[in-house]
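Colleague: Each chain is listed here by its residues.
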Amino acid sequence: MGENAVVFKGTKEGLYIFIKEEMNLDNIKDNLNEKIKPAKRFFEGAKIVNFKGKRLTKEEFDELKSLVENDYGMSVLEEYSQDTDILSDKEEIKESASYEKLPYDNVIQDKVLIVRATVRSGQLIEFAGNIVIVGDVNPGAQIKATGSIIVMGTMRGVAHAGSNGDYGAFVSALNLLPAQIRIGDIITRSPDGLGIRTSVPEMAVVKRGMILVEPYLPNR
Amino acid sequence: MGEVIVITSGKGGVGKTTTTANIGAGLSMEGKSTVLVDADIGLRNLDVVMGLENRIVYDLVDVVEGVCRLRQALIKDKRYPNLYLLPAAQTKDKNAVTPKQMQELTSELVKEFDYVIVDCPAGIEQGFKNAIAGASKALVVTTPEVSAVRDADRIIGLLEANGLKNPQLIINRLRVDMVKRGDMMNIDDMIDILAIELIGVVPDDEHIIVSTNRGEPAVSNNESMAGQAYRNIVKRILGEDIPFMNLESDQGFITKLAKMFGFVKKK
Numbered sequence: 001m002g003e004n005a006v007v008f009k010g011t012k013e014g015l016y017i018f019i020k021e022e023m024n025l026d027n028i029k030d031n032l033n034e035k036i037k038p039a040k041r042f043f044e045g046a047k048i049v050n051f052k053g054k055r056l057t058k059e060e061f062d063e064l065k066s067l068v069e070n071d072y073g074m075s076v077l078e079e080y081s082q083d084t085d086i087l088s089d090k091e092e093i094k095e096s097a098s099y100e101k102l103p104y105d106n107v108i109q110d111k112v113l114i115v116r117a118t119v120r121s122g123q124l125i126e127f128a129g130n131i132v133i134v135g136d137v138n139p140g141a142q143i144k145a146t147g148s149i150i151v152m153g154t155m156r157g158v159a160h161a162g163s164n165g166d167y168g169a170f171v172s173a174l175n176l177l178p179a180q181i182r183i184g185d186i187i188t189r190s191p192d193g194l195g196i197r198t199s200v201p202e203m204a205v206v207k208r209g210m211i212l213v214e215p216y217l218p219n220r
Numbered sequence: 001m002g003e004v005i006v007i008t009s010g011k012g013g014v015g016k017t018t019t020t021a022n023i024g025a026g027l028s029m030e031g032k033s034t035v036l037v038d039a040d041i042g043l044r045n046l047d048v049v050m051g052l053e054n055r056i057v058y059d060l061v062d063v064v065e066g067v068c069r070l071r072q073a074l075i076k077d078k079r080y081p082n083l084y085l086l087p088a089a090q091t092k093d094k095n096a097v098t099p100k101q102m103q104e105l106t107s108e109l110v111k112e113f114d115y116v117i118v119d120c121p122a123g124i125e126q127g128f129k130n131a132i133a134g135a136s137k138a139l140v141v142t143t144p145e146v147s148a149v150r151d152a153d154r155i156i157g158l159l160e161a162n163g164l165k166n167p168q169l170i171i172n173r174l175r176v177d178m179v180k181r182g183d184m185m186n187i188d189d190m191i192d193i194l195a196i197e198l199i200g201v202v203p204d205d206e207h208i209i210v211s212t213n214r215g216e217p218a219v220s221n222n223e224s225m226a227g228q229a230y231r232n233i234v235k236r237i238l239g240e241d242i243p244f245m246n247l248e249s250d251q252g253f254i255t256k257l258a259k260m261f262g263f264v265k266k267k
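Those sequence lines, one after another, are chains A and B. Heads up: the first sequence begins at 1 in this note's numbering, then just goes up one per residue. Heads up: the second sequence begins at 1 in this note's numbering, then just goes up one per residue.
Honestly, the hints are just simulated from the structure, not real lab data. Backbone N, C-alpha and C fix where the C-beta goes; we use that ideal spot for every residue, glycine too. Hints are not guaranteed to be accurate.
Calculated pairs, EDC-like style, for lysine to aspartate or glutamate (alpha carbon to alpha carbon, straight line, at most 20 Å) [said to hold, decoys possible]:
hint, chain 1, residue 1, chain 2, residue 2
1, B, Lys-92, A, Glu-63
2, B, Lys-78, A, Asp-71
3, B, Lys-76, B, Glu-216
4, B, Lys-76, A, Asp-192
5, B, Lys-11, B, Asp-153
6, A, Lys-47, A, Asp-71
7, A, Lys-144, B, Asp-62
8, A, Lys-35, A, Asp-105
9, A, Lys-144, B, Asp-153
Derived contacts from chain A toward chain B, CB cut-off under 7 Å, selection only [to be verified]:
hint, residue
10, Gly-122
11, Leu-124
12, Gly-140
13, Ala-179
14, Gln-180
15, Arg-189
16, Ser-190
With the rest of the complex left out, here is chain A:
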């Protein structure tokens, strides 16, 4: 029995139900029941755009549609069509193709929060994704992202990148003078006293289990 015969997936257009290719109708129905029942209240009134993944016959589509609509009070917005899955696959390829052809290996495709402001003491900016601050981050302010943090200004506060434990995340700033940097669960603090002040853009990354700060434009 596949526990993940069906997966709920949110996209720009709305909620889709992804169905694994090799599943038969009974499996799918069992799995749907299993997934929805414990969270019936949550799914009630939810609007499903369509089913994706496994190509369904008209009968299968109707049966699944009546299951989620009648038993769980959800609604399926689109009508049955042969090629929904093929169409959406094409779209995804188009989205990513522009950079995948290029010889870059450090590409991140994720959500980004852009803040155009001075982030002041006592302010906390938290986001599931990457954060870009176009401005300064003052002492006492905190930036927390599951991804990376980029400050287009001076970073003087606390930066916590990869807050879900991603050691691949980084913190970079035009002027990196933070009180503290955390990447994943690694914490480092600035040295006491004024320390060395550089005026080149720098970037903090995890190397050999430590947070390392280095210029990211080595030729400047």
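Given chain A, work out where chain B should sit, using these hints.
Modeller: Leaving out everything else, chain B in the frame of chain A:
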């Protein structure tokens, strides 16, 4: 079992945080294990004055909410071996904590430390109520200004109403030359109004500003008159009977210079 002392004033900017840092450092110099608690949630400063800001990982609110253990939130001071700081949260406000929770927190701390010094925020609202909740003794800081004395009087009334009898007074930033000219309230006038026991007078001293900006309490500075005043306050807290120091500073620039080169004998 130690003692919980709250440092309060009512009015802002009279030197509560500086006093807390110096008394804490002073107690530690005397060999007492001490923890400083910053109760000024949302406007924390004690960590900056102590030069420990970059060490904060967990704070008071995290402890109260059970995010971490109390031990994890305590920051060891970089100079004094038995001095610790429990920092306030900066991204929350005073309502994140209740007086009952503060009481539990300080009663936990007082088991392990000789002294728990609570830095109270300005004002008489939630933050003040939190700060005094677990305290068994209060020190009221005031400056020789009518407004500061008025607020100190209000605070003394509130402390007594909350069962903190016999608070003691610290007069901060006194300028002897101005008092002499009659331009500043003198000590007796203030005692007369506030009618509580005086535990120390701290003269206005440039060293304080320098040390505050550097994150090093002035109490360890032998040059500083304010540092001396704080050392005396610490000894009085410890129960010693120390006479009040002579604040008459006849030190003009020339005298200071002469002293530096040994032309004038030190008193």
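Colleague: Can you list which hints this structure breaks, lowest number first?
Modeller: 1, 2, 8 and 9
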